[in-house]
Amino acid sequence: MPAYAPFSSTETSAGPAADVPQLDVAGELLALLRDTGTEPRPDTQLEALTLAVAADLPVVLWGEPGIGKTAALTQLAAALDLPLTTVIASVHEPSDFSGLPIVGDDPAEQGVPMAPPDWAVRLVRAGRGLLFLDELSTAAPAVQAALLRLVLERRIGSLQLPSEVRIVAAANPRSSAADGWELSPPLANRFVHLQWTHDHEVVVRGLGGTWPRATLPRLAPERLPEAVDFARRAVCGLLSARPALVHRLPSNEARRGGPWPSPRTWDMTLSLIAFATAAGSSRDVLSALVRGTVGDGPGLELLAGLDRMDLPDPETLLADPAHAALPERGDLRQAVLDGVVAAVRNRPEKSRWDAAWALLVRALETGAPDLVVVPATTLASLRQEDWDVPASIEQLAGVVSLSRRADRAATRTAAAAQARR
Amino acid sequence: MTFRTPGTPGTPTAPVPLDLGKLFAARLHAARVRPYLATALFALHTVESRRVPTMAVDRHWRCYVSPAFVAATPVEELAGVWVHEISHLLRDHHGRGDRVARERGLTGPGERLRMNIAADCEINDDVFGEGLARPEGAVGPKALGLPEGELMEDYLRQFRLGPRTQSLAWLDCGSGADGLEREWDLGPDGSHGLSAQERDAVRFRVAQGITGRPGDAPKGWQRWAEEAFHPPQAWRELLGAAVRSAASGSGAGQDYSYGRPSRRSAGVPGAVLPSLRRRPPRVSVVIDTSGSVSDAELGSALLEVASISRAVGGRRDLVTVLSCDAAAGVVHPLCRAEGIPLVGGGGTDLRSGFTKALRARPRPDVVVVLTDGQTPWPAARPACRTVVGLFPRQHSRGSWSEDRPDDVPDSPPAWARTVVIGSPAGAR
Numbered sequence: 055m056p057a058y059a060p061f062s063s064t065e066t067s068a069g070p071a072a073d074v075p076q077l078d079v080a081g082e083l084l085a086l087l088r089d090t091g092t093e094p095r096p097d098t099q100l101e102a103l104t105l106a107v108a109a110d111l112p113v114v115l116w117g118e119p120g121i122g123k124t125a126a127l128t129q130l131a132a133a134l135d136l137p138l139t140t141v142i143a144s145v146h147e148p149s150d151f152s153g154l155p156i157v158g159d160d161p162a163e164q165g166v167p168m169a170p171p172d173w174a175v176r177l178v179r180a181g182r183g184l185l186f187l188d189e190l191s192t193a194a195p196a197v198q199a200a201l202l203r204l205v206l207e208r209r210i211g212s213l214q215l216p217s218e219v220r221i222v223a224a225a226n227p228r229s230s231a232a233d234g235w236e237l238s239p240p241l242a243n244r245f246v247h248l249q250w251t252h253d254h255e256v257v258v259r260g261l262g263g264t265w266p267r268a269t270l271p272r273l274a275p276e277r278l279p280e281a282v283d284f285a286r287r288a289v290c291g292l293l294s295a296r297p298a299l300v301h302r303l304p305s306n307e308a309r310r311g312g313p314w315p316s317p318r319t320w321d322m323t324l325s326l327i328a329f330a331t332a333a334g335s336s337r338d339v340l341s342a343l344v345r346g347t348v349g350d351g352p353g354l355e356l357l358a359g360l361d362r363m364d365l366p367d368p369e370t371l372l373a374d375p376a377h378a379a380l381p382e383r384g385d386l387r388q389a390v391l392d393g394v395v396a397a398v399r400n401r402p403e404k405s406r407w408d409a410a411w412a413l414l415v416r417a418l419e420t421g422a423p424d425l426v427v428v429p430a431t432t433l434a435s436l437r438q439e440d441w442d443v444p445a446s447i448e449q450l451a452g453v454v455s456l457s458r459r460a461d462r463a464a465t466r467t468a469a470a471a472q473a474r475r
Numbered sequence: 032m033t034f035r036t037p038g039t040p041g042t043p044t045a046p047v048p049l050d051l052g053k054l055f056a057a058r059l060h061a062a063r064v065r066p067y068l069a070t071a072l073f074a075l076h077t078v079e080s081r082r083v084p085t086m087a088v089d090r091h092w093r094c095y096v097s098p099a100f101v102a103a104t105p106v107e108e109l110a111g112v113w114v115h116e117i118s119h120l121l122r123d124h125h126g127r128g129d130r131v132a133r134e135r136g137l138t139g140p141g142e143r144l145r146m147n148i149a150a151d152c153e154i155n156d157d158v159f160g161e162g163l164a165r166p167e168g169a170v171g172p173k174a175l176g177l178p179e180g181e182l183m184e185d186y187l188r189q190f191r192l193g194p195r196t197q198s199l200a201w202l203d204c205g206s207g208a209d210g211l212e213r214e215w216d217l218g219p220d221g222s223h224g225l226s227a228q229e230r231d232a233v234r235f236r237v238a239q240g241i242t243g244r245p246g247d248a249p250k251g252w253q254r255w256a257e258e259a260f261h262p263p264q265a266w267r268e269l270l271g272a273a274v275r276s277a278a279s280g281s282g283a284g285q286d287y288s289y290g291r292p293s294r295r296s297a298g299v300p301g302a303v304l305p306s307l308r309r310r311p312p313r314v315s316v317v318i319d320t321s322g323s324v325s326d327a328e329l330g331s332a333l334l335e336v337a338s339i340s341r342a343v344g345g346r347r348d349l350v351t352v353l354s355c356d357a358a359a360g361v362v363h364p365l366c367r368a369e370g371i372p373l374v375g376g377g378g379t380d381l382r383s384g385f386t387k388a389l390r391a392r393p394r395p396d397v398v399v400v401l402t403d404g405q406t407p408w409p410a411a412r413p414a415c416r417t418v419v420g421l422f423p424r425q426h427s428r429g430s431w432s433e434d435r436p437d438d439v440p441d442s443p444p445a446w447a448r449t450v451v452i453g454s455p456a457g458a459r
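Those protein sequence lines, which keep their order, are chains A and B. Take our numbering: the final residue in the first sequence is number 475, and no numbers are missing along the way. Take our numbering: the final residue in the second sequence is number 459, and no numbers are missing along the way.
Think of the hints as simulated: they come from the structure by calculation, not from any bench. Incorrect hints may appear among the rest.
Label-pair distances were calculated between CB atoms; the ranges are [as the list claims (entries may be wrong)]: (1) Q76(A) with S331(B): 52 to 60 Å; (2) D367(A) with A445(B): 44 to 52 Å; (3) E280(A) with K173(B): 52 to 60 Å; (4) E258(B) with I142(A): 49 to 57 Å; (5) V257(A) with G176(B): 37 to 45 Å.
Given the structure is predicted, the values throughout are model-derived calculations rather than measurements. Heads up, the beta-carbon is just placed ideally off N, CA and C, and yes, glycines get one too.
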């Protein structure tokens, strides 16, 4: 131990530790405790938050106190290369956000200016930054009212925040909030609501010394036009088929203060889909964003629509059945086969009918046979008198016997039920 | 769909090959008799496994199948097992099992077996019949001497492992049924699992199919479909939030005001600072004591309101309680929750209760009305915030009065925030 050499030469019996100031030892221990590593790990929540912030939409994080919302914001600020300003709303007064009235020499002549607080001035001078409004739900109502103006209009007193400043708010869910403030439906409609939960595994591993390092999404410049086109098709496709989803106020008490669909939130959703597409984010990330903007029901319908947009086009499959790539998942595969049969029904031609049979054979060779039964039955009924049965149909004999087997089971079940009566 | 065979060549008895034709014929039969479940049935990925006793699912929507079980079971019963296993996944039994385990501190494999049995009871009482055969050995609530039609969480409270469940010890529907990982599970990284978003999408598609054609599905499935993505919330939380937000709105509670300068003003010459003023909210509870509301319901709701108003800073003497039937009773301050005489019975007219509550000086900030809704309401919005705790009633009885036989009770008006009391508390 070279550090203690001067002492150890003279006093060996008492030990060197006796002379080291206690606070230095404490500092050493703290340094050891803080010496933690990181590992890359996908983080859906953080990725969703990053995209929403990048899209410049107001975000409110809902989560129990003490689960790492602030830590996430620190990581986000580092990723976006923005200085982080944290303002804990509950310890501020409304004047800190709406500005202090300063009485001058001649109020009648000059008016009473509303002076902004120092952190706002610094933020404006820096021109960019990430403003984190913590503990939104435990602040007094007047403070919240002042804060909402800041979030929605970016104004603090007479000061206008530059557009490079991004704002994120955090709130506790009403089950744990001490004085239970909640958003009114018009306000809730302006936010992207993200639920913030902790991952048990991450916390245990982090306390053990290894915290996750999220790899954050990067927008790919070459994908931008494609992303906008995709987002417009997705939202317009859904809303033209389901006009009732365009605007629906939450009707019952349980859904108050949460996300709900309106033209404004659909517009936000459109941006979010475009951002998620340009960043190549997973469906899980997009799901969190969309459901947090328009609500669960409309959000899930939109996601279901996106799944259908991903399926191969029936016309492409019919054009080249030999090299068709059918989805692995059974329910999607059946949706594709049904689509192919529907396409043949819409424009019945002998060549298309034959191609559809070839596709069914291919589906049988590469997957479960019970999926083919219904499309095969429907396709057989589309036959016109002068069409010869293609040779490939013999390979579907197994499907027919499978179908018969199920029929027999149905008959036996009915008979057994009859016997019990 | 490809099949995965675990590398177990050294099994002592000659292994039976998995009869895929039979398994898929059974799935086809299941999808024909339960068309609304077809999407979910086809989304399930089949994995051959010689370690599962029968058929088991994991939380990533894989279905592990024992070849010996398929060989020994008739097609129609296999169809029943398919529907049974998919029901575990659709009803999120693994997630609910985890939640119950956390809430009630249940640990160990014995508790997970109980969860599996309770989940089976929830499923088996209404999925079979109507063209679907009941598989041999399917455990139902009747076998355990329990009532039908309840949820897994309720069944879990009502039985223990004992002689009656001895024969069920082999029962194992996998981690998809109770949340406990099995040694045969392929885990989140294995192939062909469904991601959380894909699982939600399939469940949503099935729920939509059921609500779209409600005639086809039995009651249990309809209830599931309605609540799958909008679980009922605990009324205590909702009532609490409603009362709190009414009590902390402008004009009540603790807030900033420019009415008196802040003590900080001295430090900032020239600036006018608001100061924090504390005005505890006055809450007036109007209780409908007509014959149709039970004392137990009233008692629990009243205690809830009292504790909420205390939590928002109200003092006991600021909460007043007023019992009301056709005529309003006397206003009591809430000194002891149990000491308030709830006089009344017979017909209801809450309008007199409102009048009486609002006539109090100083005026209340919030009026909380606890009622079954079988009453006429004030025509105009009263001069303070109103929260209605509504006890749901199936039939419109109790309000009918001999003098006014045509009087149909209205639902609570739009200016009041209405919370339905007594709906199942966070069942899933």
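Right, here's what the structure says about each hint:
no. : hint                             : in the structure
1   : Q76(A) with S331(B): 52 to 60 Å  : 55 Å, holds
2   : D367(A) with A445(B): 44 to 52 Å : 48 Å, holds
3   : E280(A) with K173(B): 52 to 60 Å : 59 Å, holds
4   : E258(B) with I142(A): 49 to 57 Å : 37 Å, violated
5   : V257(A) with G176(B): 37 to 45 Å : 42 Å, holds
The structure fails hint 4 only (numbered hints given earlier).
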